[in-house]
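Student: Listed below are the residues making up each chain.
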Amino acid sequence: KAGVTQTPRYLIKTRGQQVTLSCSPISGHRSVSWYQQTPGQGLQFLFEYFSETQRNKGNFPGRFSGRQFSNSRSEMNVSTLELGDSALYLCASSIQSGGIQETQYFGPGTRLLVL
Amino acid sequence: GENVEQHPSTLSVQEGDSAVIKCTYSDSASNYFPWYKQELGKGPQLIIDIRSNVGEKKDQRIAVTLNKTAKHFSLHITETQPEDSAVYFCAASIRGFQKLVFGTGTRLLVSP
Chain V
1 KAGVTQTPRY
11 LIKTRGQQVT
21 LSCSPISGHR
31 SVSWYQQTPG
41 QGLQFLFEYF
51 SETQRNKGNF
61 PGRFSGRQFS
71 NSRSEMNVST
81 LELGDSALYL
91 CASSIQSGGI
101 QETQYFGPGT
111 RLLVL
Chain X
1001 GENVEQHPST
1011 LSVQEGDSAV
1021 IKCTYSDSAS
1031 NYFPWYKQEL
1041 GKGPQLIIDI
1051 RSNVGEKKDQ
1061 RIAVTLNKTA
1071 KHFSLHITET
1081 QPEDSAVYFC
1091 AASIRGFQKL
1101 VFGTGTRLLV
1111 SP
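Quick mapping for you: the protein sequence lines, in order, are chains V and X. No gaps in the numbering here: position 67 of the first sequence is 67 in my numbering, and each next residue is one more. In short: position in the second sequence from 1, add 1000, done, that's my numbering.
Since the hints were derived computationally from the structure, they do not count as laboratory data. Small disclaimer: the values here were computed from a predicted structure and weren't measured. Take the hints with a grain of salt, since some may be wrong.
[What the hints assert, rightly or not] Listed next, with one range per pair, are the computed distances between beta-carbon atoms:
| hint | chain 1 | residue 1 | chain 2 | residue 2 | range |
| --- | --- | --- | --- | --- | --- |
| 1 | X | Val1020 | V | Lys13 | 36 to 44 Å |
| 2 | X | Ser1026 | V | Pro39 | 21 to 29 Å |
| 3 | X | Leu1040 | V | Glu82 | 24 to 32 Å |
| 4 | X | Arg1061 | V | Pro39 | 27 to 35 Å |
[What the hints assert, rightly or not] To list a few chain X residues with every Cβ distance to chain V over 12 Å, as calculated:
| hint | residue |
| --- | --- |
| 5 | Asp1049 |
| 6 | Ile1062 |
| 7 | Ala1070 |
| 8 | Lys1071 |
| 9 | His1072 |
| 10 | Thr1078 |
| 11 | Gly1105 |
Every residue gets a Cβ at the ideal spot worked out from N, C-alpha and C, and that includes glycine.
Model the full assembly from the supplied sequences, consistent with the hints where possible.
Tutor: Written out as structure tokens, the structure is:
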């Protein structure tokens, strides 16, 4: 089975621009979560989507948004980019077939550099 | 809020030695504790996980122990090999929520 894929792998933007990152979960996985990884703050939860609905949200400003499509693929968008948004953005998918906590499998990430 | 503390931040061992990484969580509602290994340029890879109804779990050279009373959980790697060198993260989450709260990571270096 193919793993979680993320595109693009690398991205360079300038302050004030917006960016859209894409994530394709493992086949059959219905939950997609997004995390931001920086040297200073570590791994931080952004949000989680299930059946095209945002179920959980972390403590990030409204500039960070996401969506999920009917095929479970997900995108996240960051508007009005700031220097501090430079990070590795990770997507993780899980099956979510029941009420128990499911294992999350991570993709390779998209490295975003904001100049 | 939820918080996970992880120690040590760096750990250097000789090949064949054991390595232990410890984490403490703050939210008593946490019931799922995965460990991830992250190599340079890659995303975190799950190496082992444990749920709150189990005190210990082992998979070949890797084991995890959980003390719910003390809110501690630990990763044990025996017979370390150079390819074990990476950054290891512990995490915790609450039943029903897919939000993982991560520790700050431990950089493990295994010298031949």
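Student: If a hint holds in the structure, say so; if it doesn't, say that too.
Tutor: Hints and how they fare:
no., hint, verdict
1, Val1020(X) <-> Lys13(V): 36 to 44 Å, "holds, 41 Å"
2, Ser1026(X) <-> Pro39(V): 21 to 29 Å, "holds, 23 Å"
3, Leu1040(X) <-> Glu82(V): 24 to 32 Å, "holds, 26 Å"
4, Arg1061(X) <-> Pro39(V): 27 to 35 Å, "holds, 29 Å"
5, Asp1049, "violated, 6 Å"
6, Ile1062, "holds, 15 Å"
7, Ala1070, "holds, 21 Å"
8, Lys1071, "holds, 17 Å"
9, His1072, "holds, 19 Å"
10, Thr1078, "holds, 23 Å"
11, Gly1105, "violated, 7 Å"
In terms of the numbered hints stated before, the structure departs from hints 5, 11, listed from lowest to highest.
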